[in-house]
Amino acid sequence: MSQQNAVEVIDVSKNFGSYQALRSVNFEIRENEFFTMLGPSGCGKTTLLRMIAGFETPDRGKFLLHGRDIVDIPPHKRRVNTVFQSYALFPHMTLAQNVAFGLENLGWERARITARVGEMLERVHMGAFANRKPEQLSGGQRQRIALARALAPEPEVLLLDEPLSALDLKLRQAMRDELRTLQRDTGITFVFVTHDQEEALDMSDRIAVLGSGEVQQIGTPSEIYEEPSNQFVADFVGETNFFEVEVLESTEKTATVRTPFGQVISVPSSTHVLPGKATLSIRPEKLNLGDQAQGVAFQAEVVKKHYLGGYSHYQLSVGGVEIRASRRNASREGDMISVGSTVHVGFIEGSARVLAA
Amino acid sequence: MSETSENPTGATRVQRRRRINLPYLGLAPSWALMGFALILPIFIIAAVSVAVRGAYGGFDWGFDLSGYRQILFNEGWTGEMEFTPQYLSIILRTILLASVTTLLCLLLAVPVAYWIARQPGNRKSLLVFLVTLPFWMSMILRVYAWMIILGKDGPLPRFLEVFGAPSGMTLMYNDGATLAAMVYTYIPLMVLPVFASIEKLDGPLIEAAHDLYGNRWTTLRRVILPLTAPGIASGAILVFVPALGAVLEPILMGGGKQMMMGSLIQLQFGGGRNWPFGAAIAMTLMIVVMLVLIAVALRSARKEAEA
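Chains as they are written, first to last, in the UniProt record's numbering: chain A, 1 to 357; chain H, 1 to 307.
Be aware that one or more of the hints could be misleading.
[Claimed, not checked] With a Cα cut of at most 27 Å, we get these calculated BS3-like pairs of lysine-lysine:
id: 1; chain 1: H; residue 1: 200; chain 2: A; residue 2: 133
id: 2; chain 1: A; residue 1: 253; chain 2: A; residue 2: 286
id: 3; chain 1: A; residue 1: 305; chain 2: A; residue 2: 286
id: 4; chain 1: A; residue 1: 133; chain 2: H; residue 2: 303
id: 5; chain 1: A; residue 1: 62; chain 2: A; residue 2: 77
Worth flagging that the hints you see were computed from the coordinates, not collected in a lab.
Keep in mind that this is a model prediction, so the values were computed, not measured.
Please model the entire structure based on the sequences and the hints provided.
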């Protein structure tokens, strides 16, 4: 391997009492990437982040930071900085003092600290606020200062613990762009923790989906969305419809299945599934309706319709099973699909996927 | 425009006055209690301090500053004023003892409070309860317990004998013994407010300090102490003020060899039969303490304004 990994998580386990927070987790975070740990609450993502920071110790396993084992190194000696969910700005210090805190502890010279603090405050567009106190700031501004404070010492890895969750929607979207830009400009490895799949898909180079203390899948955003490795990932990231199908024949990558509607089709498969019952996943936007229907087709009744302008979301009923479909309103034809009517539904074989449980 | 706007404001003004009056009326019992139990006694002591000493104890109402004068000067046989430092030295010694008590309480209480604040919920309540436990017992009994611990053949001298201390030694009847009992008596008053302020301290703030390369000492000095200063200040006041007036510990533990202000005041109201002098010392003490507290408050207010 030519390029060293920023962080390597090796066989890490952690119990809190009888609760298994992490079960022998393994993955690596590459140099200079925007890496996201995505999962529902209680999946262990925050525990992993806190272990990299040094606030928790694993029961088993180790963490390598640029090849060095850091498990026994206390937090203040790790070249890793954290952006806390609650920002954790020091309320008795000005913004400039907050940003300078880490640099002072590293023993930087006064002049260099002053220059760096000014540079960092400018970078997050807070230069005019240097002498304010945190209590005088809005949520978004505090967020920026927390970022500036954590980035100022040029850490080997920047850890971000759900930093956007306390912001309102509009600000959150603006901050996504800013975070991404900061990551590209500084070239620092970002490790981002979130339960928001949209944030993860939007910002990350790679995503680790965590569930019940285990890594469910690691991959690029489109790999995670288009090629989920199991039902958990397909269900947690984006929306999906599950159908029970019968596997007739299978290989490593594909499976021939009989759909509930009677057709026999060949679809991609996440693992080599055994003949018998299996689950087929189709994303709502991959179900085409009415005039757009093509490929494998069936009939469904429209139960509910949410018209959102550019898109419409439909709740359909097929053989007593509720499924969801969404349709891009490229023309006004979509208006013709009304609640109570029966509609043609179709999907392309390649857009469905047989998933491991 | 002005006419239409005047009417509504007039209406709200009437409403506001009504709204303010009622709660004040409701507070009347507490005002009465405060007046009778706190403010009136101070005025009485102030009046006594300038009263004329009665011929056979007690006092007669009047205006005579000899009680205050007596703190510093003694009236000789021929009526000349003679500077007598003995009362002043009692006052200074008392302030010194109270200060050292406060400082020791602070040094011992901060780590304890910090440790308690970091415990899980259930254990935290239990530990806070245990800190207050000594208060459930009479103070005299607790001081007697210390007399046994430090006294002749007590556990501590016996323990020190193991390390070569002379046998039959007593650690009683000196300033150290007084101090030990004082610290023991007043330390809960320091632990509780310090604990409250440390507990309020946001956990991530301490993590952030460590995260930004602050070791334990830096974190304590630059984050924990500045943010818990109000709790430390109120703990210091809660210990310092009663320590100034301590009577029992100096008498029982110190053997009464060194007169303290509390005993001095008590003596004037008792055997000394000089109420105006006793009241004058008490007033002086109160004024000095108030001036110090006001100075501290002003200084911290100025610091706040500067920042």
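- [ ] Against the earlier hints, flag every one the structure doesn't satisfy and list their numbers going up.
- [x] none
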